[in-house]
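> For reference, the chains in residue letters:
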Amino acid sequence: MFVLVEMVDTVRIPPWQFDRKLNDSIAEELNKKLANKMGKLRLRQAVSEWWSWHWKLALSCHHDPALARALHPSKVVYNVGLCICLFDITRLEDSYVFPGDGASHTKVHFRYVVFHPFLDEILIGKIKGCSPEGVHVSLGFFDDILIPPESLQQPAKFDEAEQVWVWEYETEEGAHDLYMDTGEDIRFRVVDESFVDTSPTGPRSAEAAASEEQPRKEAPYSLVGSIIEPGLGLLSWWTNS
Amino acid sequence: MKHSAGQQNLNTITYETLKYLSKTPCRHQSPEIVREFLTAMKSHRLTKAEKLQLLNHRPMTAVEIQLMVEETEERFTEEEQIEALLHTVTSILPAEPEAEQRTGASSAEAMDEEGPA
Numbered sequence: 001m002f003v004l005v006e007m008v009d010t011v012r013i014p015p016w017q018f019d020r021k022l023n024d025s026i027a028e029e030l031n032k033k034l035a036n037k038m039g040k041l042r043l044r045q046a047v048s049e050w051w052s053w054h055w056k057l058a059l060s061c062h063h064d065p066a067l068a069r070a071l072h073p074s075k076v077v078y079n080v081g082l083c084i085c086l087f088d089i090t091r092l093e094d095s096y097v098f099p100g101d102g103a104s105h106t107k108v109h110f111r112y113v114v115f116h117p118f119l120d121e122i123l124i125g126k127i128k129g130c131s132p133e134g135v136h137v138s139l140g141f142f143d144d145i146l147i148p149p150e151s152l153q154q155p156a157k158f159d160e161a162e163q164v165w166v167w168e169y170e171t172e173e174g175a176h177d178l179y180m181d182t183g184e185d186i187r188f189r190v191v192d193e194s195f196v197d198t199s200p201t202g203p204r205s206a207e208a209a210a211s212e213e214q215p216r217k218e219a220p221y222s223l224v225g226s227i228i229e230p231g232l233g234l235l236s237w238w239t240n241s
Numbered sequence: 001m002k003h004s005a006g007q008q009n010l011n012t013i014t015y016e017t018l019k020y021l022s023k024t025p026c027r028h029q030s031p032e033i034v035r036e037f038l039t040a041m042k043s044h045r046l047t048k049a050e051k052l053q054l055l056n057h058r059p060m061t062a063v064e065i066q067l068m069v070e071e072t073e074e075r076f077t078e079e080e081q082i083e084a085l086l087h088t089v090t091s092i093l094p095a096e097p098e099a100e101q102r103t104g105a106s107s108a109e110a111m112d113e114e115g116p117a
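Residue numbers (this note's numbering), protein chains in the order written: chain C, 1 to 241; chain R, 1 to 117.
There could be a bad hint or two in this list.
[Stated by the list, open to error] No farther apart than 30 Å at their CA atoms in a straight line, the calculated lysine-lysine pairs in the DSSO-like style are these: (1) Lys37(C) <-> Lys23(R); (2) Lys48(R) <-> Lys19(R); (3) Lys37(C) <-> Lys19(R); (4) Lys48(R) <-> Lys37(C); (5) Lys157(C) <-> Lys37(C); (6) Lys42(R) <-> Lys23(R); (7) Lys48(R) <-> Lys126(C); (8) Lys19(R) <-> Lys128(C); (9) Lys23(R) <-> Lys128(C).
Please keep in mind that the hints were generated in silico from the structure rather than gathered at the bench.
Keep in mind that this is a model prediction, so the values were computed, not measured.
Excised from the complex, chain C in its bound form (with noise of 0.2 Å):
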């Protein structure tokens, strides 16, 4: 569920901060540029590698030391995905002080973690709340997760009362509720995704139990999933007793 992208991008480092290491500077600046954002970013190649190594990533986060941040605005290309952290820097080039800029100015090849899952990619999450749009999961560092109705085990119904999606489960004895309540875990699988160009607007508006309508303020990145086959859908629905 996640890759590594190479990207390269210049970093501006003030002079006050020249006291400190290079890769520090650069490191801290990447990141505040980078982390927790939805990537439009400029690449240097193609998303790169796969990494399936979780264990590697969290203890990568940990040692990271920060690279400098980019003010210099860098070109868009297209969306990657959510940005997580640095991995590491590749290389750096020369440090350039312009004339009537004190700042140096440090062309940074390096390799961002970026949230991406693949399609068809299985994934395990939280279930936020339901809305008449669907069952709203969240992975905790990542939000927009829906699963709409016609994707969810059949026969499904809404149940208005407690605003809450139900699988009316056939069993000889006849319909069984499944209810899909908020905090169960959820496996699904990514059937979708949509990148939408958002330029800075205002604070996003507080959240009800479920928003009626298409969102006014669409994410920059969002998932669709489906749970629609043996096997998905609430982790207690198929463990063996």
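With chain C fixed as given, assemble chain R onto it according to the hints.
What follows is chain R alone, placed relative to chain C:
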């Protein structure tokens, strides 16, 4: 702190991501375990994406395997092949203590070692 606003984004996202990962089977993995797993997986001939999902989720049932591996009916004609795959997964990748209790009599609990790929 001078750069607290910018730092906050990094702090939030890394905290939340680590929190998420700490509840997955991945937290018990090490580079050695991943290496051993990928070596053992060679004989099963899975794609990179399929092996990645097995690493991330440590499936313990055939149903989960079928979600993560495409076209199991064509590629695994014998039931023993899926059992063997499950065994590789559960014997090499460390479990979470609760997970072992949850599935109880998992079919992949055999004690015999699987030969290297």
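> For every hint, state whether the structure bears it out.
Now the hints, each set against the structure:
Simply put, lysine 37(C) and lysine 23(R) have alpha-carbon atoms about 23 Å apart, close enough for the 30 Å limit, and the pair holds. Our distance criterion of 30 Å between C-alpha atoms is met by lysine 48(R) and lysine 19(R), whose separation comes to about 26 Å. Our distance criterion of 30 Å between C-alpha atoms is met by lysine 37(C) and lysine 19(R), whose separation comes to about 18 Å. The suggested pairing of lysine 48(R) with lysine 37(C) holds, with an alpha-carbon distance near 27 Å, which does not exceed 30 Å.
The hinted pair formed by lysine 157(C) and lysine 37(C) fails the criterion: a straight-line CA distance of about 35 Å is larger than 30 Å. The hinted pair formed by lysine 42(R) and lysine 23(R) meets the criterion: a straight-line CA distance of about 28 Å does not exceed 30 Å. The hinted pair formed by lysine 48(R) and lysine 126(C) meets the criterion: a straight-line CA distance of about 26 Å does not exceed 30 Å. A hinted pair counts as satisfied when its Cα atoms are at most 30 Å apart, and lysine 19(R) with lysine 128(C) qualifies at roughly 16 Å.
Our distance criterion of 30 Å between C-alpha atoms is met by lysine 23(R) and lysine 128(C), whose separation comes to about 17 Å.
Checked against the numbered hints above, the structure violates only hint 5.
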